[in-house]
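S.K.: Could you build all of it, start to finish, from the sequences and the hints given here?
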Amino acid sequence: MVDNIITSIFGDLTPLAAMIFLLVGALIMPGLQMFVKKHTVTWVVALVFVILAFITDAILLTSEVEMSYLGVKLNTYTTLMSMLFLIVVFLVVLVSNVSTEVTKSHAGAYYSLLFGATLGMLFVASSSSLLTIFVGVELTSISSYALVALKRKDGRASEAAVKYAIIGGMSTALTLYGISMIYGLTGTLAINELALYVAANEFTWMFGIGIICMIAGYGFKIAAVPFHMWAPDVYEGAATPVSMFLATGSKKMGLAVFIQVFLAMFILSATVGDIFGLTVQYIFAVIAAITMTVGNVVAIAQSNIKRMLAYSSIAQAGYILIILAVMTPQAEAAGIFHMFTHVFMKGGAFLIVGGLICAGIGEKISDYRGLAKRAPFLAAAMMLFLFSLAGIPPLAGFTSKFFLFASAVGTPGEADGTWIWLAFVAILNSAISLYYYARVVKAMYIEKGESTEKIAIPRIFTIAIVICLVFVVVLGVYPDLLYGFCEDATAFLF
Amino acid sequence: MSMILSSLILVPLIGAIIALVMGGAREAYAKYVAIGFSAITLIIAALLMFGMFGDFEDLSEGFVWIETSTFIMNYALSVDGLSILMVFLTALLCLLVNVFSLDEHRENNNYFYALIMAMEVGLMGVYMAADYFLFYIMWEVTLIPMYFMISWYGGPRRHYSAIKFFIYTHVASLVMLIGIFAMGYEAAGSTGIVDFSFEAIKNGIASVAVDTQALIFALLFFGFMVKMPSVPFHTWLPDAHTEAPTEGSVLLAGVMLKMGSYGIIRICIEALPDAAEYWQWVIIAIALISIIYGAYGCIAQTDLKKMVAFSSISHMGMVMLGIGCLSDAGITFAVFQMFAHGLITAMLFMVCGMTGHKVGTREIPLLGGLAGKMPIYATFMMIAFMASLGLPGLVGFWGEFPVIMAFYEFILENDVVWMLLFCMLSLMLTAGYYLWAMQRTLFGPETTKIDLNKAHDVGHFEFAVLLVLAILVALFGVWPDAALQFLDPYVDALMGVI
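In order, the protein sequence lines correspond to chains D and H. Numbered according to this note's numbering, the first sequence spans residues 1 to 494. Numbered according to this note's numbering, the second sequence spans residues 1 to 498.
Hint data in this document are derived by calculation from the structure and do not stem from the laboratory. Take the hints with a grain of salt, since some may be wrong.
Keeping only pairs whose Cα atoms sit at most 30 Å apart, straight-line, the calculated DSSO-like set for lysine-lysine is [claimed, not checked]:
#1 H/K449 x H/K358
#2 D/K448 x H/K358
#3 D/K104 x D/K37
#4 D/K364 x D/K454
#5 D/K364 x D/K442
#6 D/K364 x D/K163
#7 D/K442 x D/K454
#8 D/K104 x D/K364
#9 H/K164 x D/K442
#10 D/K364 x H/K164
#11 D/K104 x D/K153
#12 D/K448 x H/K164
#13 H/K373 x H/K454
#14 D/K373 x H/K164
#15 D/K37 x D/K153
M.R.: Following this line, the structure appears as structure tokens:
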């Protein structure tokens, strides 16, 4: 039995297995760098830890182990989410050693922080109490502030880090305030008990305000409009691998929080059509609609590609928030699936940007002129990633959006009219997004660049890009590969 | 499992990939690859049409592609009397376009041919799909190559036109997608599983309330209507055609617009017949407005290609009118008009596009007396114009007049004889703008506004292609039954539903 390998090694600690690898990694990295002094060695060790953690999760996922240790759960959902985070951190670590934006002398601290942040994400994914979730989110946030600031010679990075830390601190305070109100009212922090409370009791203003504070606080983490202002500045200022980590990893953690906290808390009352549940659904529907619209519309005006991708990430978070308005298991499976496809397509796009920065190409969209002649593979890959983000078939972004938007239209047997307007908004947004993605494609393929010199990016970047590309195509044509797991995962939330 | 239908998608796909990778020194040979693969496709399509593989209706193939707890999506292909004509037309035009472009030399030739072949993949997929998911994917697949075709190889305002084309048709198809979702969910009924195959949805949707059907019909119809295009969502078409290279225009008008009308018949009418009756007057109104507005638009144009683009709007309105009658004759000849318009419009765009290359301008006021200078060109132009205005003996006649007769029947039934005025107006306008354009371009004294010394007549390959088209236009004109025989069983079965 394969599952016995992991369970026999870790015993009761199996739910923490992947986290243990990350924790050990985070602790030894700084020391290792100090003694060995070769950043490549640190890099290899970091990579090994990530791969070990990933393999652990993969084994646990396929063997469908289900257990719990001190409130830390292990089931299909938690393993799936932690695999998502580990994929992100794997891609980030993979390119960090060759990226010119990462300060090599700080490699130990860099990987340590990266692991710390990922550890927080994994912790969030397997928690079922407001307090543990809060702790996990804080771990990730605080590590991220430092990660952004680590690109020390760049003024923009310092500005971004300060902005990020201040706004992050404020959102933390808000969240905690909300949690304390809810705890005061209900006397519990366990989410399943809160769900029962919501279903059984009438709406009270105190509870409502607590929820609003939490939505606002966590809304900052996923950069939902109107809490999104920090995101473009931070993504622009940070080193590109870090931006990628924030856009694909941190944001997914925020969305995981939304799923585990709000979806789990309100789905009971939403299914019975309780007025409280319905109100929360409408709040999320409005946030989703505004988030995607603002993200997409503002993205049109951007001339810096990292900022453009930041706004497009905001829009993508808006799409995923649909599931909190619809609140069906089907929607949730689609949402998780979209998170995965988003990792590959957005991650791939960031990797290309990062690779090109290493080759001396700027971040402006105008710098990408004539890229098709200079780097045919990168231009083609970028085009596929962007088209996937826009939802052009048969790429992964199309398939996941198909599932996601379909879930807003209704459920089998009934095209429920309640959220069809949200599907319309989402679909119009897809069309808008195509405009700014096509602009980059146009710059790469149609416009003539000043130089026609060939561009070579570090080979590791190419490998990472190919990995993303393969998944973007495969998940588009054959979603069954992953979608089944996503559907299984939903069973563990309700 | 037989692979004949899949091969119609796979062969062009392989051709597209090979052409795509033939960069650099091998670039010059990409055209032969494209011609070879599109010729094979045409041969398969023709053999299929003439029943060499047995009855083509028995050849459906497919397997479950994606299966989740709520969705079943199939890779399912099938062909019937309606689609076989479109499949044949697609294969024919793609080959002819490839041959037509042989004389032309452009930068990155291999991309050009890869785009044509990729478009063929999408078109074949749309016309053969028997599953909504596949249908939608293929629908979108046609979009991307056309976008690049316009924006890479088009005229001076190509970027504007390409993006306009893209956004119009993409938004429309997204609205259609919502319609597909809604239809799928409604059709699923109590089974709890949405099977996206045409068959399953058609069976499931029949028991749904007509009001709901009408709403779904509206969503789908909007998607198709923009593609056709019908007034008031037609404005992308003249821009796209003016800027697209000749080859792109031929495929766009010849087979891509037909995707819209094909979708209306295949999905709106076939699956939602009750809703079609609900919206019948709206369809008729949109059709009439398109016919008249398109024809009026033609008169105002000075660019030959733009004029032909407006005439396409008018003629596709005729198709819509036939469909709107919801009668045996109406639908039969609407489909025939699709086929006829595909042949004629290919000729029209080739001839008009050629004007730009051979003479240097497509502006009608600058032209004149070309008949003396370029007799072969002038002959083909006359044939194309005459066919398009519906001269008896050419294929256009069988597209237009029976549709008007079917409409006349509809008028008598509903006691609105005054509506016949619209038809007469459209016939007059059509004859008017074509004859006027011909007179100004071909006849009269030779123009002095431009230098005609460099003007040269059609090349060998262009001549061959135009000859083939002219022969087909004449052949189907005197023997329309060659195409109608495929349609009769299909429309009879459809009438059973309506």
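S.K.: State for each hint whether it applies.
M.R.: Hint-by-hint comparison with the structure:
1. H/K449 x H/K358: With Cα atoms ~15 Å apart, H/K449 and H/K358 stay inside 30 Å; holds.
2. D/K448 x H/K358: Distance of about 28 Å is within 30 Å: holds.
3. D/K104 x D/K37: Holds, at roughly 10 Å.
4. D/K364 x D/K454: 19 Å, holds
5. D/K364 x D/K442: Roughly 14 Å separates the two Cα atoms, so the pair holds.
6. D/K364 x D/K163: Holds, at roughly 22 Å.
7. D/K442 x D/K454: Holds, at roughly 19 Å.
8. D/K104 x D/K364: 25 Å, holds
9. H/K164 x D/K442: 14 Å, holds
10. D/K364 x H/K164: Within the cut-off at roughly 25 Å; holds.
11. D/K104 x D/K153: 13 Å, holds
12. D/K448 x H/K164: Cα-Cα ~22 Å, so holds.
13. H/K373 x H/K454: 10 Å, holds
14. D/K373 x H/K164: 26 Å, holds
15. D/K37 x D/K153: 21 Å, holds
Of the numbered hints listed earlier, not one is contradicted by the structure.
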